[in-house]
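Residue numbers (our numbering), protein chains in the order written: chain B, 1 to 265; chain C, 266 to 409.
Accuracy of the hints is not assured; some may be wrong.
[As the list claims (entries may be wrong)] Straight-line alpha carbon distances no greater than 20 Å define the calculated EDC-like cross-link-like pairs of lysine to aspartate or glutamate that follow:
(1) C:K312 / C:E377
(2) B:K253 / C:E396
(3) C:K406 / B:E101
[Said to hold, decoys possible] Footprint (simulated), chain C over chain B, 3 or more residues, beta carbon under 8 Å:
(4) 148-154
(5) 162-176
If you're looking for bench data, these hints aren't it; they were derived computationally from the structure.
Ideal placement from N, C-alpha and C gives every residue a C-beta, glycine not left out.
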Amino acid sequence: MNGSFEAAIVGLGLHTAHHPALDSFLKDEPSAEPALPSGSALDKRTRRRASTLTRAMADAYAEALSAAQLDPETVATVFGSALGEASTMLSLLDQMFRTHEPVSPMRFVTSVHNTASGLVSISGKNRGFTTSIGADFDTPAMSILEALGVIHAHRTPAIICCAEEGAPEDLVPEEYHWALLAGAVALVHPEDAPASALRLRLAPMDEAIDPASLLEPAKVSAALAKSPVVGILDLIVRAAEGREGLVRLDRGKGRGFVAELRRGA
Amino acid sequence: MSAFPPIRELIPHAGRMVLLDELLEWEEGRAIAKMRIREGMPFVKAKKMDSIALMEPMAQTVAACLGYEAYRGGAGVRVGMIIGARSFEIFEEAAAVGEELLFEVSRIRGSESLSHFSCAAKDGEARLLAEATLTLFHAEKPPE
């Protein structure tokens with residue numbers, strides 16, 4: 001594992017239906033009832049039209065942004081999701097081709113893969129780089145790859161936010177259904193970070209890596225474990241614990257990428 | 266003479282966007298179609314069609330598979346669209362004008378409105394050019 005770009009982790013954020021923030025997950029204090037994400041980082045007008053997925057992304061993003069104390073107007077963002085706003089898109093397609101109802105232009109705008117990227121950056125008056133990525137179970141790894149490129153090419157901080165809404169019933173067979181999950185990691189160039197900040201590198205899971213050397217995945221419900229972006233949660237939990245080692249980012253279901261965590265010099 | 270109706274009667278595409286030439290084989294949930302790459306076709310540049318563009322004839326083969334299913338049942342052509350590519354693997358960078366390609370699709374699972382199809386594109390020597398798992402939304406053709 002050498003030769004790859006490195007970044008320092010300076011903030012983390014998490015949202016699940018039973019854990020509105022990372023702290024509640026780490027303390028294993030789930031809410032009794034599932035709660036919808038607040039989307040409080042979005043302005044009122046944007047929040048009204050935001051889906052559950054976009055609100056969850058906005059919540060995780062805001063937590064990581066706040067922890068990292070980065071400038072919301074300039075920070076680069078990478079929003080990753082395997083399916084994106086699939087529920088909104090499917091309901092629009094039903095309107096167009098089944099019920100033959102007029103389609104709302106507003107809902108169309110929020111049905112695309114980069115909805116969260118657009119709404120979060122508009123709401124935060126962000127003028128920085130933003131993009132969206134979908135790569136199935138490799139979504140967390142590819143989001144990190146994109147962010148590392150941006151950080152090193154432009155020497156700018158970046159926040160990765162990976163999320164998946166609850167699996168749309170028609171789209172995903174029942175045995176694969178997963179629950180809502182959003183996780184965010186704020187990264188900066190290693191030279192711009194405190195020495196104590198954990199360093200992160202991305203590498204393929206090649207034969208040189210002993211599977212026994214991997215940090216164990218986080219303990220999560222069966223429904224969260226099935227999420228295509230559960231790897232971001234594994235990374236966030238181990239980074240929050242300050243652990244060093246390798247975190248597999250796809251739980252064995254993607255092409256196989258690991259994040260290497262190590263302490264700064 | 267083909268055992269199947271002309272391809273334009275099976276898929277909703279029109280004009281130059283009809284890339285397939287013929288449906289060759291069909292059984293419920295599975296089909297094979299043929300396409301010869303021609304100069305002037307959409308996606309053909311410098312006498313080549315990049316393999317990434319093979320997603321379109323793959324999807325048209327799915328349309329033909331579902332279209333013939335509907336045709337046999339006395340229904341009209343169905344419209345559809347690709348809403349996701351769970352995977353797309355490219356083994357050869359491009360195919361050249363004049364080459365005849367075969368597209369084989371088989372349904373992994375499906376409902377009235379959504380289907381997941383495994384798709385493969387092969388050249389005349391049965392060499393695999395690209396493979397994909399596509400998710401498609403489909404419905405009856407909306408009223409004019």
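Consistency of the hints with the structure:
| no. | hint | verdict |
| --- | --- | --- |
| 1 | C:K312 / C:E377 | 39 Å, violated |
| 2 | B:K253 / C:E396 | 18 Å, holds |
| 3 | C:K406 / B:E101 | 14 Å, holds |
| 4 | 148-154 | violated (count 0) |
| 5 | 162-176 | holds (count 3) |
Hints 1, 4 from the list above are not met by this structure, while the remaining hints are.
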